[in-house]
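There are 2 protein chains.
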Amino acid sequence: MYRTHTCGELRPEHIGKQVVLSGWVQRSRDLGGMTFIDLRDRYGITQLVFNMETNAGLCNQARKLGREFVIQIHGRVQERSNKNKKIPTGEIEIITEKIDILNTSNLPPFTIEDETDGGDELRMQYRYLDLRRNAVKKNLELRHRMAQEVRNYLSNENFLEIETPVLIKSTPEGARDFVVPSRMNEGQFYALPQSPQTFKQLLMVAGYDKYFQIVKCFRDEDLRADRQPEFTQIDCEMAFVVRDDVLNTFEGLTKHLFKTVKGIDIRESFPRLSYNEAMSTYGSDKPDIRFDMKIYELSEIVKGKNFMVFDNVAYIGGICAKACAEYSRKQLDELTNFVTKPQVGAKGLVWVKYNSDGTFKSTVDKFYSQEDLETWAKLLRAKPGDLLLILAGDKTSTLKALCELRLEMGNRLELRKKDEFKPLWVVDFPLLEWDEESRRFYAMHHPFTSPNKEDLKLLETDPGKVKADAYDLVINGVEIGGGSIRIHNEDLQKLMFKTLGFTDEEARSQFGFLMNAFRFGAPPHGGIAFGFDRLVSLFAGLDSIRDVIAFPKNNAGRDLMIDTPSVISEVQLKELSLKISIEKEKK
Amino acid sequence: MYRTHTCGELRPEHIGKQVVLSGWVQRSRDLGGMTFIDLRDRYGITQLVFNMETNAGLCNQARKLGREFVIQIHGRVQERSNKNKKIPTGEIEIITEKIDILNTSNLPPFTIEDETDGGDELRMQYRYLDLRRNAVKKNLELRHRMAQEVRNYLSNENFLEIETPVLIKSTPEGARDFVVPSRMNEGQFYALPQSPQTFKQLLMVAGYDKYFQIVKCFRDEDLRADRQPEFTQIDCEMAFVVRDDVLNTFEGLTKHLFKTVKGIDIRESFPRLSYNEAMSTYGSDKPDIRFDMKIYELSEIVKGKNFMVFDNVAYIGGICAKACAEYSRKQLDELTNFVTKPQVGAKGLVWVKYNSDGTFKSTVDKFYSQEDLETWAKLLRAKPGDLLLILAGDKTSTLKALCELRLEMGNRLELRKKDEFKPLWVVDFPLLEWDEESRRFYAMHHPFTSPNKEDLKLLETDPGKVKADAYDLVINGVEIGGGSIRIHNEDLQKLMFKTLGFTDEEARSQFGFLMNAFRFGAPPHGGIAFGFDRLVSLFAGLDSIRDVIAFPKNNAGRDLMIDTPSVISEVQLKELSLKISIEKEKK
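Going down the list, the protein sequences come from chains F and B. Numbers 7 to 593, taken from this note's numbering, label the letters of the first sequence in order. Numbers 7 to 593, taken from this note's numbering, label the letters of the second sequence in order.
Since the hints were made in silico from the structure, they are not lab data. The model shown is predicted, which means the values in this text are computed figures rather than measured ones. Among the clues, some could well be false.
Identical copies carry no separate label here, and so any pair may be met within one copy or between two of them.
When the alpha-carbon atoms are kept at most 25 Å apart in a straight line, the in silico DSS-like pairs for lysine-lysine are as follows [said to hold, decoys possible]: (1) Lys309 / Lys389; (2) Lys104 / Lys459; (3) Lys143 / Lys222; (4) Lys144 / Lys104; (5) Lys473 / Lys367.
Sequences and hints are given; from them, build the entire structure.
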């Protein structure tokens, strides 16, 4: 037996007890007559005491213990004279009677503390040490808790967790697949699922009307800071449902998670915003509605006053920053620099100060009267003391820039609080996106999304206008989940593939099994998938998903700790009937 | 809204209520004046009634509905005159007022009934139809329930479920890996995990002292009937534990599952049998102890009587089949045929009838006296009326044959009851197995298993004699789980790799990350993994794991429904820097 208690367990009621503890040496302090060691395990820290006077041998042994040594100690719990109110075990300490070194440790390459001195790369290489830090541990504990609560909630709602296969079939639509060569079927490959989409639909055809799964998915994409080649989804599907059934169920799940995990009781229904509304009001299909500062279009009222910048563009829009009329030249220059940097892409910034005395001061005073500016202010719902920020250009990119500016102002005004959560549903997305380069439509969600019923007739005549019965859950500007009501009719699915430029042959060879299934009594169905990594990182208050994943990969898709991907043997390649063929110019 | 109730929900208290139901047409009976339809969904079957006299139009519409059509109906619940006690909804029926056809169905290629007429291949091809059958559905419901209970139990025991990566590194030790070519790292590959073994050990080094995961694992093996290329494990690891800590925890889990899922209260501790005991007593390291019929060695008492068959072999052993002395010539011939078939491999069968009058009749009466045979009977714990069955040969293969014979007799005597469960632990396995062909040792479990402490000194002098601190959980002759206390010391791990014939270089390149981790305060640790598919199939009373998996693959590793593995495009191959190279002689 290695321990009677954990290092987070002992309290004043244990005083006088003989105990055995095991753990890591967090730090040791040598105060001459006394030596103190903080012993750490997953559950906390307990102070060990060694007295030079009463047991010099043991005290000397303790002094030789290095950081991160693994030790087992026998001792007696006693009251601490110098209590530490910050930790739950702070009222007691162990007067140690015996030390056994279970393992030694080299000096770690970075400190195992909340604020560590290790860089990203080093911490990934020694991930097993990084995981010892409290800051990382509490994320994984949170993740476990959230997965438990997701499963509890959905199981109580009669959902069945059903495992779908990982070795599936490659389909060129969508992102790039990871593939797995088959040894038993020479020259053929499995693919890893980007999502269990078709399988969950088949489960609906099979009559399992409430399915979920917390499941690994895979995408071979060029990675951004917050993407991983493997990621985890809360994947769900329901049969005999319309949109509101799905939304209500998963609004319930979201509220349950906030309540049980974060103690936040969200009573009101989540707002539902159409895609068009979201785009025109926030310049984004994932708006952060923790703060208002809506975008208003000014195009109609600002044109015709000889200000060519406005007269020559398709769209002029602005936001109102509350109580910012006193912004300094320097602050306004910073905002101009912000909107004109390439990632934001505006040509320039027009600002209007609505002074507290009711007058206006702007960059366009030459062209517009005080009355003109007052009309603008009214449209932007501004009050004296506010600052109007206006951008102009083509509609799509100006709205995008206004969105960025709005978020920047939200940050500057501290309106985007980490402990405040404002979920909403965005609905009625376009079904298709036109791609100019390949001159074809792509499915905005995926090819299985049902068009809105009232738009069905447009599918053959004006596909770009068709709205999808699709929905996203957005929280604090982050897309947490997305889904749709699916097509369950073979003919409509065929028409959809045709609209996407599939030949009959291509559609059959890739998705024939699904269309076959639709011939045998497919029920109406729809579903949703939540990005679990992102949901956990939102709950953890983190910007990146990396620290809610035990063993993440870096931006080149490499695991620096185990050093993979790596070369495999000639024998393995031969068994798989493969040869490596690296083109010289690529090298 | 597609339904107010499910098809399994309505009871007499709903009589008089207006309801909306959706589901599949299970069967329809046309009795002239009346038509009855059984409407099915995941939750049950509800009878719909149509009356030709009161609503001829609707009745005619109902008569045209084919099997597996998906319909929605409006109607009123009424008491059934002809009650069906076999189903929970059997006391009511729906007098139907409106039918909407949600989808039609082709005639299914096999019947959607408990006893279907579909062959294996056809059912796999149309798995979404096979999954509609109650017999398959209840397995997936059981699987969901068991996963829930595993998670509840382990979470209550403070285990954290932590996801380990799926894209890991290929290691030649053990079974064959599936590999995944990396596009971003040309010529390099990930591998899919055969188990999260090294990651869970790293989690122990990281201080997460109780880890579990229900996780997909992958092995590219030539498949047997009960193997799948992807399978699911309950994977666990604990730090600061000795063998008994692990065994007690997972004995607790096993009992919890039996109690909550099957209502079986196993109060006694699971017997613990050493590998050597299991082999000599049952001829197997996974004995079925639902019945006794132990194997006893007879070598010492049967030799020296001029019966050359016995005199010339290393081992003679037998079992006692209770109350089988009356076996006919035909039955005994069947047993002889059984033991001499190639899968069992014995040369012949010696039988001794212990007649109820106390006399003996045997195949070896020429060589042995009644007194001799009585000694045998005593050794085999036989009583008058019993039948002794004796095999001879080299020790290993004779014990194996006796094991098969014992199981065969267990089947014949109906001693292997599907609803009786007898778990046991097998412990103290050999650490290594010698392979004559490659002239090297292989790890019997895996190279991370710790030798028993008392055998440590043998590791360099006589490795074949070393026992491992390893254990298997066996239930009813099926290996449900296995695990071990691990090595947590770099030097011992190095010695282990050396014993297995690894060069330093090979050990470092494949497992350097683990041995590095051992330098930074690795705690003592150990763990276990349960085969989840097998555990569920045991609970379901099935012989194969295939029907507890939603979408299994066939023996060639193919998914017949989605038709994969399949060829991928030249573009994909080029992006991955791969060429297919099928050798002609292989084709």
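Status of each hint after checking the structure:
no. : hint            : verdict
1   : Lys309 / Lys389 : within (23 Å within a copy, 110 Å between copies)
2   : Lys104 / Lys459 : between (76 Å within a copy, 22 Å between copies)
3   : Lys143 / Lys222 : both (21 Å within a copy, 24 Å between copies)
4   : Lys144 / Lys104 : neither (31 Å within a copy, 56 Å between copies)
5   : Lys473 / Lys367 : neither (43 Å within a copy, 87 Å between copies)
Violated hints, listed in ascending order, are 4, 5; each of the other numbered hints is respected by the structure.
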